[in-house]
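Undergrad: If you're matching them up, the sequences are chains A and B in order.
If you read the first sequence in this note's numbering, its first letter stands for residue 1, the second for the next number, and so on.
If you read the second sequence in this note's numbering, its first letter stands for residue 1, the second for the next number, and so on.
Errors might be hidden in some of the hints.
[As the list claims (entries may be wrong)] Within a straight-line C-alpha distance of at most 25 Å, the following computed DMTMM-like cross-link-like pairs (lysine to aspartate or glutamate) qualify:
1. A:381 with B:222
2. A:266 with A:318
3. B:334 with A:77
4. A:302 with B:222
5. A:302 with A:470
6. A:422 with B:222
By construction, these hints were calculated from the structure, which means they are not laboratory data.
From a predicted model like this one, the values you see are computed outputs, not experimental measurements.
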Amino acid sequence: MASEIAFQATGIEKSFPGVKALKGVSLTLKTHSIHALLGENGAGKSTLIKIITGVHHPDAGRLILEGQEVHFASPREAIAHRVGVVHQERNLIPRFSVAENIHLEQLGASLLKPVDYANLNKQAARWLEALGLDIDPRTPVSRLSVAKMQLVEIAKALSLRSRVLLLDEPTASLTPSETDLLFSFLRKLRDSGASLLFVSHKLEEAQELCDSVTVLRDGSNACESRPMEGLGRQDIVRLMIGRAEGDGGWRKRDTPPGVPPAIELKNVETSLGHANVNLHVRKGEIVGLYGLVGAGRTELAKCILGQFPLTAGTVEIDGKPAKIRSVGEALHIHRVGYVSEDRKGEGLVLMHSVLGNAGITVWRPLSALLGFLTDRLVRHKVTPYIEKLEVKTPSLAQTVANLSGGNQQKISVAKWLAAGVKILLVDEPSVGIDIKTKAYLHDLLRELADNGTAILLITSDMPEMILLADRILVMNDYRLQGQLINDGSYAGMSEGIMNLIHRSEAA
Amino acid sequence: MSYPDLPAKGPSGDIVGKPRRNTAATRFYLTNEFGLIALIVLFALAFQFATDGFFSPFNLFSLGRIAAVNIMIGLAMMVVVITGGLNLAVGAIGVCAAMTCGYLIEVVGLPWPIAILSAVALGAMLGFINGWTSVRTGLHSFIITLATMSIFFGVMIFLTRAESYRALPPVFAAFGRMKLLGIFSPLLLVSLMAALFLGYLYNLTAVGREMLAAGAKPEAAEMSGINVGRIFIYCHMLSGALAACAALMLVARNGAAIPSMAGQLGQDWLLIAFLGPVLGGTLLTGGKASVLGTCLGAFLVTMLTSGLLLLQLGDFWIQSFLGLLLLAAVLMDKTRRTFLARRNMA
Ligand SMILES: Nc1ncnc2c1ncn2[C@@H]1O[C@H](COP(=O)(O)OP(=O)(O)OP(=O)(O)O)[C@@H](O)[C@H]1O
Ligand SMILES: [Mg+2]
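Given the sequences, and given the hints that come with them, work out the whole structure.
TA: Set out below in structure tokens:
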């Protein structure tokens, strides 16, 4: 297959107030190829993608599509030139159905002709099936989990049959099985001649899928469109962060058997369909909860927090039955915290500042007589975490919506690290966080546990799970399938986990 | 910003020196507050030329008295607008509170300070009814307060038989007539205190911050441990209390508590109630408050009304003009925000 240049960007520059996001970046995409775009949080990957697709306009530089210079005034024009994109942030309309969302760009074709819903749903079902997504196209998007929304978003981009397809962290909240399905589909697209750009912080994925790579560092090219062949993981890391990776590996942590559970679920059944859930997390322990997309892990966390009712069983905190009706009660009475997997929907107040978001969990405990509370006090409390996680922002007063995706995620996690809770439910904490900060985040979580916090870790990132958890519980279809004691070996543990999942599916 | 560490650390957090200062300045000129101050100065000069005695002590005094009440009404609306809701019953609640005050003094014979406190408490209670109902039913406060506006007003008319309380103690009228430095009404001080209190609330207390966070994004606020329902109820109670204050100030101005002092169903207050916050840059979708802006906005509207009256324009024209102003303010705000977004400044 002959591969020719499909798209070229040269000397792209872009400034935002207080930040020079891109300082002359170049990139070449070929047909029949999947190109990796890598870089730390805030390196400028999403900004580049937004410039290519007409969301932002470059301050300088040229965009050349199939030999012709183009200036996209709006995302619509990019779509008209068959340049498709899956943005890092979800952009679905919650109340619309899956099918309507997938065909959003094509709906308004003729003003008065009624929408042919039967056809719409049939078309949508085809795309969903290709991605292995088992949902009714008529379901409103608001009922889907974050991972499923991500797949719908991908289906939406695929349905446009783009020649150039840009994917900004499409796998961030997917488990390996969904990722595999997606990859085999992307390879088919590649073989049919499309040219794809793929952003991810999971280097293994990028190395497995992509044939060429561009690395950005601080808004400049650390390398430009070179073949992936011959590059090892350490080489890429060095390009990304300017030095080799520190090894924050697995560490055996022992919780003495005498330590009582900080939180214990006994025979819990919920209105969402969980049955017979028995689990406990002891003080100072990190317990992992693994499962495929749709296994009911996030839902279990939300039931513990009183967002949905328990229909049977009890939740005990420090050995005493606890009736939690809201996150407020969980936080202020029982000292339970929850890092949400959905930073855009329920993790952050995007229109407020970095400080206003990071401090939200400590306002109440910090406030003095008559609720008196100064910024200084809040700043004092949250800055250590913001610094430790290397949040890249021009100031604490910056609007969170203006931060890069990974940096937003850091704020969403930092506010719960700062809360100083005794029990922390952590749901997909490192979605979109670069490898360097991920290691810092893992250190922080271990440190919390070492100081006595009980941590229940929900993550779809198998290496992360095996790196952090002391024990791993496996959930499938809203039921616990079993438990594995983590020995830190990736091969053994991942096989054990998949066995537990598949055993239940065979049964 | 005492946050020197981070930008320097991430090498790409380069602070772009000069453009930044420029945009900061551009930003200030684009704020509502600056625009309002400019407009106030502009119109003051225009009226000075066009009318007789716009700057006369008498006119300034009466302008201040009216502005004080209008500012209070604007603030009463603002505290609910930040939740993404609104309170159509501000006028009705205000009149109910004022009539209660009159009743307690004239019929029950309570001392006036206690009557005033009770009236404000009643305002807060009626606000509680608004807030509780809208939180519990999950309906938008538009519908709830549209209904309670009629209910509150209707009950008030029934109980008072539409009679006024005119035999109030002379302190009321004296306070309304009092002049500081020959031109200022002490009513302005009352509004100033309310504004300072709200500034304190939103900037320096936990509850105030929770109100803004809950208004900006209720789901995220709830998942961060804020009891959003309770916070929204507080906002409505605050709105009721401020509406009651506005009505009591009006009683001081009129020297009597009159059922029709805010028009039929209290609707005469609505236009000014929205104009203040909207001109001032409070987002109708919630999450952002501008106390100073609301005060300036209400002041500007009062000045325009008064100037146009001096120009002998009919009341009817003035109402149409204010309506146009509200529309223009909303459109201008939208344009301004698109502009900022284009330049990536917001
Ligand atoms: N609208 C905006 N306003 C101001 N600054 C912005 C805006 N968008 C991006 N930035 C800044 O530009 C820089 C690059 O951001 P970008 O989103 O491109 O990073 P990224 O490489 O996609 O990072 P991540 O891996 O975290 O997604 C960041 O420092 C970010 O704060
Ligand atoms: Mg990004």
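Undergrad: Decide, hint by hint, whether the structure agrees.
TA: Hint check:
1. A:381 with B:222: holds, 21 Å
2. A:266 with A:318: Within the cut-off at roughly 13 Å; holds.
3. B:334 with A:77: holds, 24 Å
4. A:302 with B:222: With Cα atoms ~12 Å apart, residue 302 of chain A and residue 222 of chain B stay inside 25 Å; holds.
5. A:302 with A:470: Since the Cα atoms of residue 302 of chain A and residue 470 of chain A sit roughly 23 Å apart, the hinted pair holds (cutoff 25 Å).
6. A:422 with B:222: holds, 20 Å
In this structure, none of the earlier numbered hints is contradicted; all agree with it.
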